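Asker: Single-letter residue listing:
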Amino acid sequence: MIQRSWKIGGIALLAYVFWTTFTVPLGPGLLELRNLERAAVVDGLDRKVSAYELIGLGTHWSSRPDDLSVVLRKKENLTALPVVEVIDDTHAVIGLTLHDAVPSRSWDVLINHPVDGTLFLQNGLFLDGVSVDETATLPALALTEFPSDLPHHFPFQPRIFETIRNLMLHVPMWFTMFLLMGIAFVASIRQLSQTAGGSSLFDLRAEASVQVGMVFGVLGLLTGSLWARYTWGAWWVDDPQLNGALVTVLVYAGYLILRGSVEEERLKARLSAVYNLFAFVILMILLMVLPRFTESLHPGKGGNPGFNSYDLDSSLRAVFYPAVLGWMLLGTWMYRIRLQATHLNQKLHRLNDQ
Amino acid sequence: MSALSNIRFLLQHAIRVELRNRHGIAGLLVFAVAAVYTCYQATGTHAEQESWNALAWVVLLFAGFNAVSKPWADDDEGVRAFLVHTVRPQDWLIARTLYYMLLLGTVSTVTFAAFLLFLGMDHLSGWTAVHYYTGVLLTSTALASLLAMIQALASRAGGGFSLIAVLGLPLIIPVILVSTRYGSDLMRGIAFGDTAHHLLFLATLSAGFSALGYILFPYLWRD
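Taken in sequence, the protein lines are chains A and B. For the first sequence, the working numbering gives the first residue as 1, with consecutive numbering after it. For the second sequence, the working numbering gives the first residue as 355, with consecutive numbering after it.
Looking at chain A on its own, in the form it has when it is part of the complex (with noise of 0.2 Å):
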């Protein structure tokens, strides 16, 4: 029963992560203030009196428009800006008139709204044609906060949007993968101190869990240069932890080729073992201890390779822990069953030479 449980277990942890990682909505965020100063100009509108369109993604904005609320930060300064028409969920039109002098050119949008709760938009307005005054002050606000009140949701990340569910499929794949060659490398030292003479019963453990790992790591890189296809703009980037990963297989790689390319089992069980911890620490150095020295495009690197505590909020740690384990679960199920299959078929080759 036991045997079975944690497989079970597993495939209900995977089934779960599926369902919530595609099923649940992504929060609210804000994309833009666009600025719509030249039709206003048109319309013979003063010059310091322009108006902005606010584009929002997954807000509701539409039901109950008159307590959308826009705020404008700068350190210590905040300010309101009158909504002038919210024109759907998504768009609102906003006016915009300041005095002759601001604290800054650069500001920071806040939106307040029954539903979506605060929106922020960094360095989301930048004023042209003003002149500077740091001393200048503005209007003080006077304004009620609504806490959000929306179902379960991912949190929205700037650029990231709906990509952050890749955190359920590519992160584990790597998890999983440190795993299986951590068993394999394990594996490799018991095959290495044991006396002369003894069996390459570790070197077939060795074998299997590489194998499963490989295909991990495959996923891993598929995963990733489909997101970054989305995010960054290209299937390959030239990044630390990028370089590392690849290497990382190709280093894999060549210890299946390796054993491939050796006829005597003893040999082969010894060299591949030799391989196998080269190739582990390599792993352990490209992808646990450069990327801290390093600066990387990589979501939670440069500087610290693990998940940082500020973009992982409590929905995505509800799907990505049991994702991890659930990954786990499988990779260790599946490194099982190559490994009896590694072991039927020796057997049959032996029963085949007798």
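Keep in mind that the hints are not guaranteed to be accurate.
[Stated by the list, open to error] Computed cross-link-like contacts, SDA-like style, restricted to lysine to any residue with a CA-CA straight-line distance of at most 25 Å:
no. : chain 1 : residue 1 : chain 2 : residue 2
1   : B       : K424      : A       : E264
2   : A       : K268      : B       : A435
3   : A       : K268      : B       : S423
4   : A       : K268      : B       : S564
5   : A       : K268      : B       : L437
6   : A       : K268      : A       : M214
7   : B       : K424      : A       : L256
8   : A       : K268      : A       : V186
9   : A       : K268      : B       : R510
10  : A       : K74       : A       : T144
11  : A       : K268      : B       : E431
Keep in mind the hints are simulated off the structure, nothing from the lab. A quick note: this is a predicted structure, and the numbers were derived from the prediction, not measured.
With chain A's structure known, arrange chain B on it following the hints.
Answerer: Using the frame of chain A, we list chain B on its own:
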């Protein structure tokens, strides 16, 4: 015999064997110079900065791989069977690494000189060339410390050149990434002090490869 004299003996022996049969080393140098000349034919004397750098490292890398893939006289089964009982495997690996450092150092020096001669020194002048050359030497040290181990592994597996390339090239990528970045930094006029950390990184990689080899080589060596 002490470890030191063992290493010295093995190193001297390797150099003597190499010099006795000069076709080997001459072949390597001709390969390197011919590769440089091909680059010169393709780009002329006024290669762009980036292509100069890229070509230099590609030629250096493949000249190095070519040098290491030459069959090693002591890899003959009979000689190995004798050495297994007479020297510590670690001593043998150290001698082998030192020999590769000398060999790759020579080959890359000749390659670099040929590069300066044919493709011109538009992007490197005075101290910059010296700094670049330091990078070249450290890169060949890193290559030597890794490939000494990989070559032994490949020859034990009986796989020849293609196996060395398959096993060695992925592991060399981090070294080449650092070297190319260092080279292009120098060419873009970044001060030596601001890019010298790449050299430190190359030295660290060499030390890491050597330490791994030192620990693992005995397992490879014995029967």
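Asker: If a hint holds in the structure, say so; if it does not, say that too.
Answerer: Going down the list of hints, with the structure as the test:
no., hint, verdict
1, K424/B - E264/A, "24 Å, holds"
2, K268/A - A435/B, "19 Å, holds"
3, K268/A - S423/B, "21 Å, holds"
4, K268/A - S564/B, "23 Å, holds"
5, K268/A - L437/B, "21 Å, holds"
6, K268/A - M214/A, "19 Å, holds"
7, K424/B - L256/A, "24 Å, holds"
8, K268/A - V186/A, "17 Å, holds"
9, K268/A - R510/B, "10 Å, holds"
10, K74/A - T144/A, "20 Å, holds"
11, K268/A - E431/B, "17 Å, holds"
Consistency note: the structure conflicts with none of the earlier hints.
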